[in-house]
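Chains as they are written, first to last, in my numbering: chain L, 1 to 385; chain G, 1 to 385.
Just so you know, not all the hints are guaranteed correct.
As the list makes no split between identical chains, a pair holds if one copy fits it or if it spans any two.
[Claimed, not checked] With a Cα cut of at most 25 Å, we get these calculated SDA-like pairs of lysine to any residue: (1) Lys75 to Phe382; (2) Lys44 to Asp87; (3) Lys44 to Arg33; (4) Lys298 to Ile321.
In case anyone wonders, no lab produced these hints; they're calculated from the structure.
Small disclaimer: the values here were computed from a predicted structure and weren't measured.
Spelled out from the first residue to the last, the chains are:
There are 2 protein chains.
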Amino acid sequence: MLRPYLDTIMNLEQIPTPAAVLDVSRMLRNIDRMQQRMDALGVKFRPHVKTSKSWPVVQAQLDAGAQGITVSTLKEAEQFFAAGVVDILYAVSMAASKLPQALALRRKGCALKLLTENTESAHAIARFGREHDEVFEVLIEIDTDGHRSGVKPDSELLLQVAAALEAGGARVAGVMTHAGASYDLDTPEALRAMAEQERRECVRAARRLRAAGYDCPCVSVGSTPTALSAQSLEEVTEVRAGVYAFFDLVMSNTGVCALSDIALSVLTTVIGHQAEKGWTIVDAGWMAMSRDRGTQGKKIDYGYGQVCALDGTPVHDYIMISANQEHGIVSHRGQAGHDAATRFPVGTLLRILPNHACATAAQFPEYHALSAGGDLMAWPRFYGW
Amino acid sequence: MLRPYLDTIMNLEQIPTPAAVLDVSRMLRNIDRMQQRMDALGVKFRPHVKTSKSWPVVQAQLDAGAQGITVSTLKEAEQFFAAGVVDILYAVSMAASKLPQALALRRKGCALKLLTENTESAHAIARFGREHDEVFEVLIEIDTDGHRSGVKPDSELLLQVAAALEAGGARVAGVMTHAGASYDLDTPEALRAMAEQERRECVRAARRLRAAGYDCPCVSVGSTPTALSAQSLEEVTEVRAGVYAFFDLVMSNTGVCALSDIALSVLTTVIGHQAEKGWTIVDAGWMAMSRDRGTQGKKIDYGYGQVCALDGTPVHDYIMISANQEHGIVSHRGQAGHDAATRFPVGTLLRILPNHACATAAQFPEYHALSAGGDLMAWPRFYGW
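So here's chain L without its partners, still in its complex pose:
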């Protein structure tokens, strides 16, 4: 994954800013931590690759013991299948218009699993499969926390969706849930309770399906906070999580990681000051950080990101308070310090920890991956649909 220009770029000082810097040691530590936890709890782990969209990262997850991947777009499925991953779960309720793309992947040998949560989509999948002599494996999305989509585990709809699938010739491959509401919690007790709710409600759905005669082999749960908080995963067969590989300030607010675990940062150059306001202007704005304000209204509001020195050490209480497209305004979070120009002179390089790694990473065509030994590698990432 080395790119030619890295023959000339040898250290962070030489990277054009803004840039996405990935601390590989932290990333590998985060990946190992999650995999060891899943191994100890006796479940398969299927990382969500929507966070990185980058093969070296996914390779590290698979090397650590992950079995298969989760994707949020069929483009991710296509890219990672081309890279050699066969077992792929597309974890967004299937739109009928995307079935030809899914069929093409399966025809090439991809063990692509689909998701649904309504009878219209279930019928469409089954019908399209019949027409093309393909038995689609479909998981049913379960709503265990009310935050988004899915059917309730005790609903009639659950059995109706299963019936629509199997009567039509598709296969109920399992149930899947994502307790995204966990992102808003910030105590170990609340996170453990949410993890248990996610497990219990998803298992309840699987039991109902089995009682009704469906195999339902897979019980898939997960979000980074619940995966790192679950005390038991009894009757769960696999766990999914994505942002754990990089972590971010939202995750730090939940308590499942420290600032020193955050592997992704945005490298930026100081380009000016408004001295009397205590502002330092940097060349990373929202185009680099993304517009994600996920820490707004949470335990600690980091604005658009936590300021760190070039070596990655957080500069206490300095955050990006505001962002325009290619300008960030860095300031002390409390009373304005009036030493901005002496503290961060023009030309200073800073690293900004992001609120939400998935959103910030998406703004960049590549990561500048910094190894423990200090080597820099360019890891490409893709975008779009």
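Following the hints, position chain G against chain L.
Using the frame of chain L, we list chain G on its own:
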């Protein structure tokens, strides 16, 4: 700019979702409106291409009469210089580390103008120019509204920056300001006053520089709201604006455009419902819309966007109330309607107007440009730095 697959994609129903749809008629109307206004006010117009980052859009702006372009990154300068644009203003305070890239552009014949607002950067530009026998043309950024960077027109710093440039061998090519605070205004009176403040303060800076012996030929002002509100542009030589070509909900809130002027929308497919909550789930989340919540706390809060039917007609009071990475939740903005599943059945195509066109467009590798005649073209756009 036609892409091969458009041989098979003939209408909006066939585009894979989510997708960025650009209504070319609206765009051309917006471009003409601005150019005619600038012509009437007797100033040059230099569009900011950070909104589109796409050659067919810039071509239309130049065809309408624009003279030169404004860029927010040197990558934009490189891309559009390669496409044939020579007169380019890089409107972000120059970082010394980017000077080799700027020099390379000038050496190839690009009339690239730089920007600075502090003596450190001014010295660095002049020194680098001397070392490489290049006279950089540099505009001084003026702060006329306190919203971001720039020197005050009546400050000592203004003359110090000019002195640092010319004593070092660079040329003070002019003054430049951007009244970004105009985005927060929403009455014609307030916008006219802001436009006059932007003009007056920038002209004041130019006069001071000329009185001190500098040529200062260029007086460059602009933002979409002030450009569309200014009553006089006396002593201004050029105006810049970017988002006017597409418009968006933030601009609609300022009052400078109507919903029916917004040229960019995100095409999305309904993939499910939470019927009892009145929610419709679509396959455009924040990865498609961006995380921009620019209408939050403004005259009308559109959530993550205004819902429209496939033909572009707004569906009154239906907005995207919440967004996950690849899921959007569409709902009535007031009391939840319970007719979501019948109103927007699974498979329905909707178009969502964005809060901020610059941010939403940036999420997509291409526009699906829909001509007045109903033809679809794929217009590529670039990203990154």
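Taking the hints in turn, this is what the structure says about them:
For the homomeric pair Lys75 and Phe382, the shortest alpha-carbon distances inside one copy (9 Å) and between copies (18 Å) are both at most 25 Å. Taking identical chains as interchangeable, the C-alpha atoms of Lys44 and Asp87 lie at most 25 Å apart only when both belong to the same chain, with a minimum of 12 Å there against 58 Å between chains. Taking identical chains as interchangeable, the C-alpha atoms of Lys44 and Arg33 lie at most 25 Å apart only when both belong to the same chain, with a minimum of 14 Å there against 59 Å between chains. Taking the closest pair of Cα atoms, Lys298 and Ile321 come within 25 Å of each other both inside a single copy (15 Å) and across two copies (19 Å).
Going through the hint list in order, the structure satisfies each hint without exception.
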